[in-house]
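S.K.: The primary structure of each chain is shown beneath.
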Amino acid sequence: MSGEKTHILVVDDEEIVRESLGGWLEKDGYVVAAAPDGRSAVEKLKAEKWDVLLVDLKMPGGMDGLQVLDEARKLQPEAIAVMMTAYATVDTAVAAMKLGAFDYLVKPFDPEELSLMMKKIVDRQALVRENAVLRQALKKEHRFRELVSQSPAMQKVFDLAQVAARSNSTILVLGESGSGKEVLARAIHAESPRAAGPFVAVSCAALTESLLESELFGHEKGSFTGASARRKGKFEAADGGTLFLDEVGDISGKLQLDLLRVLEDRKFHRVGGTEPIEVDVRIIAATNRNLRKAVADGSFREDLFYRLNVIPILLPPLRDRKEDIPLLVEHFVERLSAEMKKKLEGVSSEAMAAILAHDWPGNVRELRNVLERGAVVAAGSVIQAADLGLSRPGAAPAGAREPGSLEEMERRHITEVLSHTHGNVSQAARILGIDRVTLYSKMRKYEIRRPGGEEPEAPEGSKS
Amino acid sequence: MIEHVRLHLDQAFGWPVRMHMGAERPRDAWDARRRQWSSTRILRWLGEVGPPGGKLLGLTDVDLFIPILTFVFGEAQLGGASAVVSTARLADPAEVGDGRVVLERLAKESVHELGHTFGLTHCGTPGCVMGRSASVRDVDLKRGELCPDCRGRMSPREEREA
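As you go down the protein sequences, you meet chains A and B in turn.
So that you can map any letter, position 347 of the first sequence is 347 in the numbering used here, and since no number is skipped, the others follow by simple counting.
In the numbering used here, each residue carries its 1-based index in the second sequence increased by 1000.
If you are wondering where the hints come from, they were derived from the structure by calculation, not from laboratory data.
Not one of these hints is a red herring.
Covered by chain B, according to a simulated footprint, are these stretches of chain A (three or more residues, beta-carbon under 8 Å):
1) 17 to 23
2) 106 to 117
Derived list of chain B stretches under chain A, where covered just means 3 residues or more per stretch with a C-beta under 8 Å from a C-beta of chain A:
3) 1062 to 1068
4) 1113 to 1122
5) 1125 to 1135
Derived CB-CB ranges, DEER-like:
6) A/Gly61 x B/Met1001: 48 to 54 Å
7) A/Arg135 x B/Met1001: 53 to 59 Å
8) A/Arg135 x B/Met1154: 39 to 45 Å
9) A/Leu356 x B/Ser1135: 47 to 53 Å
10) B/Gly1127 x A/Val163: 49 to 55 Å
Yeah, the Cβ is synthetic: ideal placement off N, Cα and C, and Gly gets one too.
Using the sequences plus the hints, can you model the full thing?
M.R.: What follows is the structure, encoded as structure tokens:
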């Protein structure tokens, strides 16, 4: 028997049975309590935790054994229930098993039968406990803060991130949209000696050059039209902590130079200011662009690239680490269940098959969004394939079109999705599995107007 | 037979053992429907008619039962004064065993049931006499002695009788 004593509740209207069975079980080292009827059994189920319930099927007083079993399943689903009866009938045995009874014994029991059954129960509970401990241990091993993975490629990322977190060096996180660049940056910050300091995130693609400049460095009162008061920038806000520069590959030439200067001197000026400001900031930059290519074609400064590329960390796309999908699904379902206060046990095997068959262009973020939709739509505690809203692989889109370039297809698809959401950008971004900022920049790139007519406006710059 | 049991008890508990012979049985312990004797009622009766103080072990050849089980080899009051053991099932003709084997089984179960009166519960140590026995095969697999753990758990008591 394992360390903790097994607690058994005997429910029987006959005192002689309660005493006799209780005495036998106590000699076996179990902690035993008894209840003479269904109602007091339910009281005991509400008051204490029980490992095993031995319940007589036929009891007078309005609540029989099957009703107790039904209540027990709701109150303590993990307790193992065994039905006892003086007269076995197939019907009652089937009813008991349907209600989740572990076993069914006819009174009086053969001593060997009772011994074997108790051994089976104790072994099973030990297994359940061991399984829970192992799963917990496995989860710990397969995670780095909010990131979960068991793929070798991601394990290398975790190891590198862990080491990098301890240093003060600039980190460049590379990866597709939705692969978790900001989540990794936050994890590195949390693991670093700067954890008590602020984590400030700026999306460089979301803002125009002048707005981004003032966002990063702040401005003095009257430095430009609309600068009605002095404002601190993100560099100052991140003093003593970490500044996360997302989409750093999208910044203009002038800002590239400004950024290079701060990285070299750790000093900068507010827009319109003359006084140099010194800050202690650790930079984590991220991009989904190929910066080496950008350097080669002259759109990104080589010196800045080397300043940023001190510790490069590449986050592999989800389609390259499909072995992580079941773990991620479990992780997100658990999280969604807690966030939504809805009992969710997981996804059906058909749903898992559909998830595994999908290509996940929007990576982990897309997976999370699909599961969130599934969690909202699911009628029961298990998310079904239909709840996910994933299109079946191979399903031909209505009205086949002329084949076009990848960019052309992307432009068309974004336009279609925006029209489907009646111009709601957040909803469209969720469907596309990309963040709003990326969607805005793609809308600008393809000059897509939202249904409703306005220009693609920029969202608020900071995600912190 | 009784002398053999006495030797084992002496060895296991190391206290003086006194013997009483008698052929009476409590009438209310007989269950006409089951055609068996209630070991629980026998224990109660032993407590009433036996000498006060110490521990009491009743030895019998009638088939014993407790309400929830089809039969028992014996029963004892956990941490109490009385215990009872029967040869009826220990001498099961379906199981291999000559007189000597039955004698060993009786001695083991006697130590086992008296062990319960000293507050010992079933023990998981292989071979320990306090191991649970649901069949004569289980009894045969045990040795006649308490394992060191059980011996350590037993608190010294005053004089007992058998």
